[in-house]
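Participant: Sequence:
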Amino acid sequence: MSSSETRFSPANLHEDVEFHGESNIRNNSEDAVVAAEADRESLQTDLYGDDDPDSLTDLEGFSGHSSESHAHLLGQNSIDQRTRKVHVPTNLQLSPQHRQPSCTEEEEAGVANIVDPTSDDNPDGEKPVSWFSLPKKSQLAILTIARLSEPLTQTSLQAYLFYQLKSFDPSLPDSAISARAGLLQGSFTAAQFVTAMIWGRLADTHFMGRKRVLLVGLFGTSFTCVGFGFSHSFVTAAIFRTMGGALNSNVGVMRTMIAELVVEKKYQSRAFLLQPMCFNIGVIIGPVLGGLLADPLGSYPGLFGPGSFFGGQNGVWWMKKWPYALPNVISGIFTLISTIAVFFGLDETHETAKYRSDWGRAAGKSIWRYLKYRRSSHNYHPIDGTYDVQTAVESIDLERSVQGSVPATPSAIRVPRRKRMPFRQIWTRNVLLTLLTYFVLAIHLSSFNALTFVFLPTPRAPEGSRRGFFHFGGGFGMPSSKVGVATAIIGLLGLPLQIFVYPRVHFRLGTLKSLRAFVPFSPFAYIFVPFLSLVPNRVYLVWPALAAVFSLQVISRTFSLPAAVILVNNSVPDPSVLGTVHGVAQSVVSGARTLGPVLGGWGLGKGLQYNIVGAVWWALAALALFGWGLTWTIFEGPGLEKKQVDQSSEREETEDRRSR
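When we follow numbering that gives the first Met the number 0, the leftmost residue of the sequence shown carries the number 0, and every step to the right adds one.
Wrong hints could be hidden among the right ones.
As the list claims (entries may be wrong) - Think about it this way: if two alpha-carbon atoms lie no more than 20 Å apart in a straight line, the pair counts; the simulated PhoX-like pairs of lysine-lysine are: (1) 165 with 320; (2) 136 with 264; (3) 418 with 264; (4) 136 with 320; (5) 418 with 165; (6) 418 with 353; (7) 136 with 353.
What the hints assert, rightly or not - Derived CB-CB ranges, DEER-like: (8) 498 with 459: 35 to 43 Å; (9) 362 with 234: 34 to 42 Å; (10) 498 with 530: 25 to 33 Å; (11) 302 with 610: 32 to 40 Å; (12) 470 with 162: 31 to 39 Å; (13) 608 with 297: 48 to 56 Å; (14) 300 with 614: 43 to 51 Å; (15) 367 with 538: 47 to 55 Å; (16) 263 with 466: 53 to 61 Å; (17) 539 with 466: 27 to 35 Å; (18) 367 with 530: 53 to 61 Å.
Hints in this document: simulated from the structure, not taken from any laboratory. Everything numeric in this text was worked out from a predicted model, so none of it was measured. All C-beta atoms, glycine included, are put in the ideal place defined by N, C-alpha and C.
Throw the hints in and build the complete structure from the sequences for me.
Facilitator: This is how it looks when you write it as C-alpha cells:
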C-alpha cells in the first residue's frame with residue numbers, strides 16, 4: 000500500500016453511523032459495505048503486519064485520498080428518502096494541514112468524531128481537567144458573552160445613578176436622592192424575585208425551551224437599558240428598571256443550559272465558574288465604563304460639545320437632552336450583540352425542544368460554513384472526484400442542519416415527551432435545605448457589598464467617643480475617589496483565585512467540602528470589618544488592613560458561590576424540572592439581594608446612631624455561621640450525568656418490553 004492511500008484502523012470499519020434523510024451516498028452503498036468488509040483482513044496485514052490491531056492507535060498522516068472500496072461510501076449520487084445504515088470509518092486522526100475544523104468545536108450533529116488520544120478527558124477522573132479540556136467550548140463561550148452583558152449593564156449605573164436622579168429634580172436633598180437610588184436598585188431585584196420562577200417553568204416547556212426564554216431576557220435587558228438612559232423622570236426610570244427585572248431570568252436559564260451542556264461532574268467546577276468570573280469582570284469594567292461615558296458633553300466637550308468634531312455647531316443634541324444616555328446605549332448595544340450571538344450560535348438544550356427546527360441556528364451554521372469554505376477553498380480540494388471523510392461529514396451535517404433538527408424519517412429518532420415531575424414532588428428535603436443554604440449565603444454576601452459602599456466613605460468617629468472594646472462608632476473615612484479603587488480591588492483579588500486556584504481546590508476537596516471549608520472565612524471578615532475604623536489613618540496601615548480583611552471575604556465568596564450553584568444543580572430530582580429549580584434559585588437570590596441591603600442599611604444606620612457600628616457586621620457574622628451550619632444538613636445529589644444514564648436504561652427496558 001502506497002503512502003498516499005488512506006489508512007484506516009480496523010476498529011473503525013465496524014462503527015455504525017445512521018444518516019437520516021437525503022445524503023450524498025450511492026444507491027449501492029450496501030454493496031460497498033460488503034466490499035469493505037471483504038478487504039478488512041488485507042487492510043490489517045498492510046497496516047499492522049502480524050501485530051494485534053486492537054493494541055495500536057489510529058495512524059496519523061491522513062492524506063485526503065480514499066481507497067476504492069471506501070470511495071463508494073462517499074460518492075456523489077443521492078439515495079432515496081429511505082433511512083440507511085452505512086458503515087463509515089470514524090475517529091480518524093487528520094494531519095494539521097488537512098484537518099477541516101467543524102462549525103463548532105464539539106458539533107453534536109456531526110457524524111464523525113475526531114478525538115485526541117492525548118486529551119485529559121479521561122473517564123476515570125484521576126487527573127484534574129484543564130480549561131482547554133472543557134466540552135462544548137463554543138457554546139460556553141456564547142453563554143459567557145451573554146452573561147457578561149448583565150453585570151456590565153447593572154454595575155455601570157453605580158457610577159452616575161446619583162447624578163442622573165439629581166438631574167431629574169435638582170431641588171431634592173441628597174437624602175431623598177439616596178432613597179430613590181435604593182428604590183431603583185430594589186425594583187429590579189424585586190421584579191426578578193416575582194417572575195424568575197415563572198420564566199424557569201416556561202424554560203422547562205417544549206414550546207419555549209431554554210433558548211427562547213434566554214432570548215426574551217436578553218432582548219428585554221437591552222431594550223430596558225436604553226429606555227432607562229433616555230428617561231426624563233424618576234417614574235419613567237423606575238418603570239424601565241422594573242420591566243427589566245421582570246423580563247430578566249438570564250442567570251437561571253444560563254445555569255440550566257450549562258448544566259445540560261456539561262453533564263459530567265469533573266467539568267462542573269470550571270463550567271459553573273464562568274458566570275462568577277463574568278460578574279467579577281463586570282464589577283471592574285462596569286463602573287469605569289459608566290464613569291467615562293456619563294455626561295459626555297461635560298466630560299469631552301471637544302468631541303461632543305458645541306463646535307466639536309461630532310457635535311457640530313450646537314453639540315450632539317440628544318447627549319445634551321439626555322446626558323446619561325450614552326453609557327446605557329453602549330450597554331444596550333453590547334447586550335443586543337450577545338442576543339444575536341445566542342440566536343445564531345447557541346443550541347437549544349431542552350431534552351425535547353432541541354429536536355425542533357431552529358432557523359436561527361441553521362442560518363448561523365450555514366453562514367459559518369460558507370465563510371469557512373471560502374477561506375479554505377484555495378488550499379483544499381477533492382482529488383479524483385472523490386470526497387475526503389471530513390468534507391463528506393460536514394456536507395451531510397449541513398444538509399441535516401438546513402432540514403431542521405428533526406430527521407426526515409420520524410422512526411429514526413424517537414423523542415418521547417415525558418411528563419414533567421409534579422410541582423409538589425420537586426421540593427424534597429435536600430432541595431429545600433440547599434435553596435435555604437443558597438439564600439443565606441446570598442443575603443450576607445449582598446449585604447456586605449451594599450454596606451461596604453456606605454461604611455468606607457463614612458467619616459471616622461470623633462476622638463474620645465469610644466466607650467469600650469465593642470462600643471464604638473464611625474466609618475473608615477475613605478475619600479469617595481478611592482472607594483471605587485477599593486471595590487475594584489475586590490474584583491481583582493477574585494479573578495486569579497477563580498481561574499487558577501478554585502478548580503484545583505475543588506478537584507481535591509469536592510463540591511460540598513469546598514463549601515464547608517470556605518464559608519467560615521466570611522464571618523471572620525465580618526467580625527474584623529468594624530475594627531477598620533480604629534486603624535490609624537496612615538496609608539501604610541490602612542491599605543494593608545483593608546486588603547487583609549477583604550481578602551478573607553473574597554476567598555469565601557470565590558469558593559462558596561460556585562459550589563452552592565453546583566449543589567443546587569445536582570439536587571434537582573429530575574431533569575424535566577431543571578429550569579424550574581434554577582428559576583426558583585434565582586428568585587431566592589433576587590429576594591436575598593433585595594432584603595439584604597435594606598436590612599443591612601437600616602442596621603448600619605442604627606449602629607452609627609447609637610455608637611455601636613459593629614452590631615450590624617457581627618449580626619452578619621452570626622448569619623454566615625448559621626449558613627455554615629446548614630451546609631452540614633445537605634448532601635450533593637447525583638447530578639444529571641447519573642440521572643440521564645438511569646433514564647436511558649429505563650427507556651431501553653421499556654422499549655424491550657414493548658418489542659416483546
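Participant: It remains to establish, for every hint, whether it holds in the given structure.
Facilitator: Hint check:
1. 165 with 320: holds, 14 Å
2. 136 with 264: holds, 16 Å
3. 418 with 264: violated, 26 Å
4. 136 with 320: Roughly 44 Å separates the two Cα atoms, so the pair is violated.
5. 418 with 165: Given that 20 Å is the threshold and the Cα spacing comes to 53 Å, the pair is violated.
6. 418 with 353: Measuring from Cα to Cα gives roughly 16 Å; hence the hint holds.
7. 136 with 353: Holds. Residue 136 to residue 353 sits at ~18 Å (cutoff 20 Å).
8. 498 with 459: 35 to 43 Å: Holds, at about 37 Å.
9. 362 with 234: 34 to 42 Å: About 41 Å separates the Cβ atoms of residue 362 and residue 234, which means 34 to 42 Å holds.
10. 498 with 530: 25 to 33 Å: About 31 Å separates the Cβ atoms of residue 498 and residue 530, which means 25 to 33 Å holds.
11. 302 with 610: 32 to 40 Å: violated, 50 Å
12. 470 with 162: 31 to 39 Å: The hint (31 to 39 Å, Cβ to Cβ) holds, given that residue 470 and residue 162 are roughly 37 Å apart.
13. 608 with 297: 48 to 56 Å: violated, 37 Å
14. 300 with 614: 43 to 51 Å: holds, 48 Å
15. 367 with 538: 47 to 55 Å: holds, 54 Å
16. 263 with 466: 53 to 61 Å: Since the Cβ atoms of residue 263 and residue 466 sit about 58 Å apart, the hinted range of 53 to 61 Å holds.
17. 539 with 466: 27 to 35 Å: holds, 29 Å
18. 367 with 530: 53 to 61 Å: holds, 57 Å
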